[in-house]
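Sequences listed follow chains A and B, in order. With this note's numbering, the residue at position 12 of the first sequence is 12, and numbering never jumps. With this note's numbering, the residue at position 213 of the second sequence is 213, and numbering never jumps.
Note that these hints are calculated values from the structure, not bench results. Treat the hints with caution; some may be incorrect.
Claimed, not checked - Subject to a maximum C-alpha distance of 30 Å in a straight line, what follows is the list of computed DSSO-like cross-link-like pairs (lysine-lysine):
no.	chain 1	residue 1	chain 2	residue 2
1	A	Lys32	B	Lys59
2	A	Lys40	B	Lys63
3	B	Lys10	B	Lys284
4	B	Lys284	A	Lys38
5	A	Lys40	B	Lys284
6	A	Lys38	B	Lys63
7	B	Lys63	A	Lys32
Unchecked claim - Beta-carbon label-pair distances, calculated as ranges:
no.	chain 1	residue 1	chain 2	residue 2	range
8	A	Leu56	B	Leu189	35 to 41 Å
9	B	Arg39	A	Ala85	49 to 55 Å
10	A	Leu56	B	Val12	40 to 46 Å
11	A	Arg111	B	Asn43	34 to 40 Å
12	A	Val72	B	Gln306	45 to 51 Å
13	A	Glu116	B	Thr298	24 to 30 Å
All figures in this text were calculated on a predicted structure; none of them were measured in a lab. Glycine is no exception: its CB is placed at the ideal position from the N, C-alpha and C atoms.
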Amino acid sequence: MLHDYAPILILFLLVAGFAVVALLLSDLLGRKRHSLEKGKAYESGMDPVGGARLRLSIHFYLVAVLFILFDVELIFLVPWAVSAAALGSVGFWMIAVFLIVLVVGLIYEWRVGGLEWDR
Amino acid sequence: MTEIVIWVVKVVVVWGALLTTAAIMSLAERKVSAWMQYRYGPNRVGPFGVLQPVADGIKFIMKEELVPAGANRLLFRIAPALSAAPAMLAVAVIPFGYTAVIAGHEITLSVADLDIGILYILALGGLGVYGVILGGWASNSKYSLLGGLRASAQMISYELTLMLSIMAVVLMAGSLDLRQIIEGQRAFLDWNIFYQPLAFVLFTIAMFAETNRHPFDFAECEPELVGGFHTEYSSMRFALFFLGEYCAMTVMAALNTTLFWGGPSVPFWPDAPWYVGVVAFIVKTSFFLFLFIWVRWTLPRLRFDQLMRLGWQALLPLALANVMVTGAVIALTAN
Numbered sequence: 001m002l003h004d005y006a007p008i009l010i011l012f013l014l015v016a017g018f019a020v021v022a023l024l025l026s027d028l029l030g031r032k033r034h035s036l037e038k039g040k041a042y043e044s045g046m047d048p049v050g051g052a053r054l055r056l057s058i059h060f061y062l063v064a065v066l067f068i069l070f071d072v073e074l075i076f077l078v079p080w081a082v083s084a085a086a087l088g089s090v091g092f093w094m095i096a097v098f099l100i101v102l103v104v105g106l107i108y109e110w111r112v113g114g115l116e117w118d119r
Numbered sequence: 001m002t003e004i005v006i007w008v009v010k011v012v013v014v015w016g017a018l019l020t021t022a023a024i025m026s027l028a029e030r031k032v033s034a035w036m037q038y039r040y041g042p043n044r045v046g047p048f049g050v051l052q053p054v055a056d057g058i059k060f061i062m063k064e065e066l067v068p069a070g071a072n073r074l075l076f077r078i079a080p081a082l083s084a085a086p087a088m089l090a091v092a093v094i095p096f097g098y099t100a101v102i103a104g105h106e107i108t109l110s111v112a113d114l115d116i117g118i119l120y121i122l123a124l125g126g127l128g129v130y131g132v133i134l135g136g137w138a139s140n141s142k143y144s145l146l147g148g149l150r151a152s153a154q155m156i157s158y159e160l161t162l163m164l165s166i167m168a169v170v171l172m173a174g175s176l177d178l179r180q181i182i183e184g185q186r187a188f189l190d191w192n193i194f195y196q197p198l199a200f201v202l203f204t205i206a207m208f209a210e211t212n213r214h215p216f217d218f219a220e221c222e223p224e225l226v227g228g229f230h231t232e233y234s235s236m237r238f239a240l241f242f243l244g245e246y247c248a249m250t251v252m253a254a255l256n257t258t259l260f261w262g263g264p265s266v267p268f269w270p271d272a273p274w275y276v277g278v279v280a281f282i283v284k285t286s287f288f289l290f291l292f293i294w295v296r297w298t299l300p301r302l303r304f305d306q307l308m309r310l311g312w313q314a315l316l317p318l319a320l321a322n323v324m325v326t327g328a329v330i331a332l333t334a335n
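Taking the hints into account, I'd like the entire structure generated from these sequences.
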């Protein structure tokens, strides 16, 4: 079992090493001539106005919550998808009921306007 | 002992091939763009500009690293690595050929044959969003913040469509193992594209959104957000974001080939030698990599509300319906 994952561990070490070396290399070799002006965040050449820790539109949170719901649903789909043929019609109708409940949720969200971004 | 040697050789070859593909893509992107716009593209470094990626690499290393004032220094530093690493790790389970016999050793042509290969790829795909949103937030720049925010909303929305379109293929194969999925498509007429054309279309659209490519590149979107999440990045840190994007594109193209186009299967030549299969895999993957560039210069960018509407109100219901119909056919005709 763990045997199957050994090559991935080797790849992980290689990738991690590559990332560290790449970042260190330009740390060491890159030119360093800092100035106050260079340190400012880019804002079309003007002095930045205020910070960038802003309040965000509620839509982004709504989408994230919806995503969590559907993501969990999909994880429940995986075991059924692998053994759909063996589970036959009983398995299919069970998963169908489960999906319909979630689709009703999606339709509700749609009707309420949670998926509209231009309003 | 020989087993460890085989592992190391496979890891180095596959990872090297992935990085080479990314380098070629960084040149191809500019060359193909140039041809489509009746220009020459880069042609100064080496014959026809083929050494341009090397020159780019050296330049990236020698550039100054800037950290904007007020940035979260730790997150700002590690975000590029968080963006590049998942894409590079995901390539491990892609089967790029059947079984090869080299010097008396039977070698399966993929870095690791996991029986949950698809879950592994999806898990790493989910991690990919962290680099973009952390890099965007940590920069303390408004453009970066908006880019990172848009990218996260977009990537999680299209991930659902991506997962559902893959699930239709899992239903066909009855396995999460990519090796079994290509074994089921050995014959030309068994390719999943003939049974799951809708899933293929959905996967291809979601593939563009997941890799933040045109026409869904809202994370960068240069006319409105300058550079999006990487506005404040320079030197190797920027290069790692860049590399991560090309590696993710390569993995997605390879996954599309594996899921729908038979992987290393050669049409009308079922007993082709293993190296012909590898070539077939590379040819198919190259087509999808070309498609990324082709689409970039063909379609205009969507608006953000159009993107979200397409994802939630068109692609997601279609993908759900596709899985249910596939599931019904498979479950109800099983016995």
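For each hint, the structure was consulted:
Annotation: proposed proximity of Lys32(A) to Lys59(B) holds, straight-line Cα distance about 14 Å (limit 30 Å). Restraint check: the Cα-Cα separation between Lys40(A) and Lys63(B) comes to about 18 Å, which is no more than 30 Å; the hinted pair holds. For a cut-off of 30 Å, the pair hint linking Lys10(B) to Lys284(B) stands: about 21 Å separates their Cα positions. A hinted pair counts as satisfied when its Cα atoms are at most 30 Å apart, and Lys284(B) with Lys38(A) does not qualify at roughly 45 Å.
Taking the CA atoms of Lys40(A) and Lys284(B), the gap is near 46 Å; set against the 30 Å cutoff, the hint is violated. In summary, the hint linking Lys38(A) to Lys63(B) is supported, as the alpha carbons are separated by about 14 Å, within the 30 Å threshold. For the given pair, Lys63(B) sits about 9 Å from Lys32(A) by alpha-carbon distance, which is consistent with the 30 Å threshold. Separated by about 50 Å at the C-beta atoms, Leu56(A) and Leu189(B) break the suggested range of 35 to 41 Å.
In this structure the hint that Arg39(B) and Ala85(A) lie 49 to 55 Å apart at CB holds, the actual value being about 54 Å. Under the hint 40 to 46 Å, the C-beta atoms of Leu56(A) and Val12(B), about 43 Å apart, fit the expected range. Checking the proposed 34 to 40 Å range against Arg111(A) and Asn43(B) shows it is violated: the Cβ atoms sit about 56 Å from each other. Distance hint for Val72(A) and Gln306(B): a CB-CB separation of about 27 Å, inconsistent with the stated range 45 to 51 Å.
Judged by the Cβ atoms, the range 24 to 30 Å given for Glu116(A) and Thr298(B) holds: they are separated by roughly 29 Å.
In summary, the numbered hints that this structure violates are 4, 5, 8, 11, 12.
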